Amino acid sequence: MAHESFAAADRQGKARCFPFRETDQPHGAETVPRDGFYVCIALPYKLLSLTVHILFVSSEFHPHAKSGGLADAVAALAKALVKRGHRVTVVLPRYASVETTAFTDLRIPVGVPLGYREEWIGVFQGAHDGVELYLIDHEALLARPGIYGPSASSAYEDNLRRFSLLSRGALQIAMALGWSPRIIHSHDWPTALTPLFHRAFYGETSLAGAGTVFSIHNFGYQGWYPARDAENTGLSSQQLDEAGLVAEGEVNLVRGALRTAGRIVAVSPRYAREIQTAPYGFGLQGEAAGRADHLRGILNGIDDEEWDPETDRSIAANFSRHDLSGKGVCKRTLQHEFGLPRNEEIPLVGMVTRLTEQKGIGALFGPGHGSLYRVCTELPLQFVFLGSGEVWCEEEIRKLAERLPNFSAIIGYDHALAHRIEAGCDFFLMPSTYEPCGLNQMYAMRYGTIPIVTATGGLADTVDEETGFLIRRYSPEGIFLALHEAVRTFLNRKDRIRRMQDLGMSRDFRWDGSAAAYEDVYRELITPNG
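Numbering (the numbering used here), first residue to last: 15 to 544.
Derived by calculation from the structure, the hints in this document are not laboratory data. If you're wondering where the values come from, they're calculated on a predicted model, not measured in any experiment. For every residue, glycine included, the Cβ atom is placed at its ideal position computed from N, Cα and C. Please note that a few of the clues may not be correct.
Just the calculated beta-carbon pair ranges, DEER-fashion [claimed, not checked]:
| id | residue 1 | residue 2 | range |
| --- | --- | --- | --- |
| 1 | A430 | T219 | 54 to 60 Å |
| 2 | R513 | A430 | 25 to 31 Å |
| 3 | R507 | H336 | 19 to 25 Å |
| 4 | P164 | E409 | 15 to 21 Å |
| 5 | S220 | S111 | 31 to 37 Å |
| 6 | T65 | R335 | 34 to 40 Å |
| 7 | G304 | E132 | 50 to 56 Å |
| 8 | E171 | H336 | 17 to 23 Å |
Hey, can you work out the whole structure from these sequences and the hints?
In structure tokens form, the structure reads like this:
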């Protein structure tokens with residue numbers, strides 16, 4: 015039984031063995047010690063869960079700190095694991111934008127050795143949906159307006175020191191508060207140093223027995239810095255060399271995580287394969303391929319309680335798979351909100367995104383060659399946009415909105431408005447050059463909005479010809495042709511559109527299945543011979 019997945023054991027109603035220290039407490043089951051294990055007597059699912067303490071280290075967590083899908087994924091996975099009976103603690107920075115009224119200042123100074131100077135941090139404690147939250151408080155390094163930079167298109171020059179403070183600070187807090195987590199799970203490049211710090215400095219501490227997991231949410235961001243900045247990590251030359259952290263005159267944080275984490279998880283099965291090849295590996299494809307035996311692809315889920323058209327309070331009217339009448343109300347309301355004529359017979363396309371090259375902005379909005387102008391002048395549709403990022407692209411979008419009567423844009427981000435776009439549009443466009451997982455296409459299908467996506471990464475794992483339209487070739491022409499097919503189908507094949515909506519709304523993208531897959535990864539690290 016020690017090698018059987020948590021989920022499989024639960025479904026079959028069997029007893030389940032799992033290794034625990036004496037300080038760990040099995041939760042909700044009758045237990046007896048046997049050969050270093052607690053043997054749990056078979057009980058109904060809700061009583062069968064064993065409490066495993068999992069420490070998450072992340073730069074983002076919805077709703078407190080968010081710049082993109084990372085915040086949603088980390089928060090939803092943590093919540094799903096709590097629902098499955100685990101204790102989940104998340105450590106993240108206290109940025110200037112984080113409201114602390116719901117947190118308690120623990121008033122315990124914690125020292126964090128970082129190279130030439132020890133930094134002292136404060137700690138705030140709170141909770142969200144059963145997840146324990148701890149904020150690292152450091153006025154000079156972390157309490158800034160932006161998460162990564164002063165604007166969406168710029169970065170702070172001292173980010174290596176800032177996120178070294180997060181990665182090691184989380185481990186120092188664990189020590190200070192007496193935690194003994196079984197798993198330390200860090201997320202994306204800002205926390206890529208966590209498994210390396212764990213190996214380098216905590217081998218003789220209460221954290222020594224923890225397994226480390228590193229999640230790749232976007233391999234295009236690897237934490238590159240000048241080699242001279244490596245002193246901010248506090249790692250010795252030998253430790254830097256062993257982890258391959260510095261090569262060809264620069265620091266690469268993700269390379270260090272690939273070499274030191276016990277397990278590596280990419281956020282979709284296809285993306286796990288893609289990052290082992292060029293161009294998706296961005297120079298680290300060899301490193302990823304070298305850890306293939308310890309690399310897993312687990313599709314992100316969505317929070318089906320927040321993203322539920324039957325209960326969503328952010329949208330104009332609720333609706334369901336079996337009664338879409340409220341979706342028409344949402345469409346007309348959204349058209350009015352964006353200053354477009356109310357007309358249910360014209361297809362409405364929506365897009366919510368960060369304006370980065372990865373999201374396809376060059377082929378869609380590029381001055382003189384992007385497909386958006388052609389789309390809006392040659393196809394009978396309306397187009398609404400919400401997002402921010404590259405300055406040149408924001409400016410181009412403003413110009414297009416002035417020139418095109420059927421294109422309306424809001425530069426910025428509004429979470430409730432994102433809900434209304436997902437609910438009110440007929441189609442949702444995601445012309446990504448690559449996409450590790452993507453969440454918006456799953457939100458869209460949940461709301462009966464048909465995705466139009468590039469066939470890459472998690473988009474290819476979640477959208478097929480039965481539920482969406484595929485951009486076969488990433489180019490302005492490829493985007494135009496996919497939109498042309500979608501519009502033609504909307505105008506001439508209502509039966510196919512309704513069938514695609516129904517199939518999309520019936521797909522199960524809940525986090526429970528993904529959380530079970532993560533449990534299997536955790537089991538590999540803390541079960542003998544796992």
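Hint check results:
1. Judged by the Cβ atoms, the range 54 to 60 Å given for A430 and T219 is violated: they are separated by roughly 44 Å.
2. Checked against the hint of 25 to 31 Å, the C-beta distance between R513 and A430 comes to roughly 30 Å, which is consistent with it.
3. For R507 and H336, the Cβ-Cβ distance of about 21 Å falls inside the hinted range of 19 to 25 Å, so the restraint holds.
4. Remark: the range hint 15 to 21 Å for P164 to E409 is upheld by a beta-carbon distance near 18 Å.
5. For the pair S220 and S111, the beta carbons lie near 33 Å from each other, so the given range of 31 to 37 Å is met.
6. For the pair T65 and R335, the supplied restraint of 34 to 40 Å holds, since their beta-carbon distance comes to about 36 Å.
7. A hinted range of 50 to 56 Å for the beta carbons of G304 and E132 is inconsistent with their spacing of about 35 Å.
8. At about 54 Å, the beta-carbon gap between E171 and H336 misses the expected band of 17 to 23 Å.
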